[in-house]
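All chains, please: the whole structure from these sequences, using the hints.
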Amino acid sequence: DVKVTQSSRYLVKRTGEKVFLECVQDMDHENMFWYRQDPGLGLRLIYFSYDVKMKEKGDIPEGYSVSREKKERFSLILESASTNQTSMYLCASSLRGQHYQPQHFGDGTRLSIL
Amino acid sequence: KQEVTQIPAALSVPEGENLVLNCSFTDSAIYNLQWFRQDPGKGLTSLLLIQSSQREQTSGRLNASLDKSSGRSTLYIAASQPGDSATYLCAVRQMNRDDKIIFGKGTRLHILP
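Protein sequences, first through last, are from chains A and B. Under the working numbering, the residues of the first sequence are numbered 1 to 114, in order. Under the working numbering, the residues of the second sequence are numbered 1 to 113, in order.
It is worth saying that the hints were derived from the structure and are not from the lab. Predicted model only: the values in this text are computed from it and were never measured. A hint or two may mislead.
[Stated by the list, open to error] Straight line, CA to CA, 25 Å or less: simulated BS3-like cross-link-like pairs of lysine-lysine:
(1) A:Lys-57 - B:Lys-1
(2) B:Lys-1 - A:Lys-13
(3) B:Lys-100 - A:Lys-55
(4) B:Lys-1 - A:Lys-55
(5) B:Lys-100 - A:Lys-57
(6) A:Lys-57 - B:Lys-105
(7) B:Lys-1 - A:Lys-3
[To be verified] Ranges of calculated distance between the beta carbons of each label pair, as one might list FRET restraints:
(8) A:Lys-3 - B:Arg-55: 27 to 33 Å
(9) A:Glu-56 - B:Pro-113: 42 to 48 Å
(10) B:His-110 - A:Glu-22: 20 to 26 Å
(11) B:Asn-63 - A:Val-12: 39 to 45 Å
(12) A:Asp-28 - B:Pro-82: 20 to 26 Å
(13) A:Gln-98 - B:Asn-63: 20 to 26 Å
(14) A:Leu-41 - B:Asn-22: 17 to 23 Å
(15) B:Pro-113 - A:Met-27: 36 to 42 Å
(16) B:Ser-12 - A:Ser-82: 35 to 41 Å
(17) A:Met-54 - B:Pro-14: 48 to 54 Å
(18) A:Gly-16 - B:Thr-26: 22 to 28 Å
[As the list claims (entries may be wrong)] If you want a taste of the chain B side facing chain A, the calculated C-beta under 8 Å gives, among others:
(19) Leu-44
(20) Gln-51
(21) Arg-55
(22) Gly-104
(23) Lys-105
Here a beta-carbon is modelled for each residue, glycine too, at the ideal position from N, C-alpha and C.
Written as structure tokens, this is what we have:
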């Protein structure tokens, strides 16, 4: 079974801090994704990576960056956290080019910026 | 641009009833459609994935159908139980859009004991 693990379930940080959210998957998936989920707005894609060191902006990349140094790990970075980045963050992974395979999700990180 | 819509946004149903959740999408050029369940404060659990060439998929009390030409999918839940209370999301993987998927905003389901 695919396992996608997010390092923290809950995180509280202060405005202006640099914040790292970590995600690890154990199924050798090429694709990894970061989403944020907000009431009334649904899931929105922040960044997508299809291989090590490769990244692509999603729908709402402003204020975020990512790092993919190893295939199994995809990090989301808030360079200078702001209160409007308080949200639920979800990581997912999938096989590249395997259009008939599902995305698998982690348990989410609920991030609060004070 | 692909849009995925789930109506209603919320639904309350007495325990034991059969129910249908709806998902519609505007562009029928999809590889698959996936139904997820999300419990409050948790991540997404994949329930069923229907390939574009399929009409339906079943898992236990759940049955998902797909009518690609009309841009619709339904998730049928038989003999509902309080443990089925959750938010249900559908998502489509569109052709020629890399490996990204596009989500609906979900239907929040409450099963009344």
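- If you check the beta carbons of Ser-12 (chain B) and Ser-82 (chain A), does the distance land in 35 to 41 Å? For Ser-12 (chain B) and Ser-82 (chain A) the Cβ distance comes to about 36 Å; the hint holds.
Would the stated hint for Gly-104 (chain B) survive a check requiring a Cβ distance to chain A of less than 8 Å?
Given a least distance of 7 Å, the restraint on Gly-104 (chain B) holds.
Handout entry: Status of the given 39 to 45 Å range, CB of Val-12 (chain A) versus CB of Asn-63 (chain B)
Key = holds (42 Å)
Practice item. Determine whether the Cβ-Cβ distance between Lys-3 (chain A) and Arg-55 (chain B) falls within the hinted range of 27 to 33 Å. Key: About 31 Å separates the Cβ atoms of Lys-3 (chain A) and Arg-55 (chain B), which means 27 to 33 Å holds.
Evaluation of the interface hint that places Leu-44 (chain B) against chain A, nearest CB under 8 Å
holds (4 Å)
### Task
Evaluate the given range 20 to 26 Å for the C-beta pair formed by Gln-98 (chain A) and Asn-63 (chain B).
Because 25 Å falls inside the window, the suggested range holds.
Next on the checklist: Please verify whether Lys-1 (chain B) and Lys-3 (chain A) have alpha carbons no more than 25 Å apart.
Outcome noted: Distance of about 31 Å is beyond 25 Å: violated.
Do the Cβ positions of Leu-41 (chain A) and Asn-22 (chain B) conform to the proposed distance bound of 17 to 23 Å? holds (20 Å)
25 Å limit on alpha-carbon distance, applied to hinted pair Lys-57 (chain A) and Lys-105 (chain B)
Roughly 21 Å separates the two Cα atoms, so the pair holds.
| query | Going by Cβ atoms only, is Gln-51 (chain B) closer than 8 Å to chain A? | reply | holds (5 Å)
- prompt: Is Lys-1 (chain B) close enough to Lys-55 (chain A), meaning Cα to Cα at most 25 Å?
  reply: The given pair, whose Cα atoms are some 22 Å apart, holds under the 25 Å limit.
Taking the beta carbons of Glu-56 (chain A) and Pro-113 (chain B), is their distance inside 42 to 48 Å?
Holds: the Cβ-Cβ distance is about 46 Å, inside 42 to 48 Å.
When held up to the earlier numbered hints, the structure conflicts with 2, 7, 10, 12, 18 and 21 and fits the remainder.
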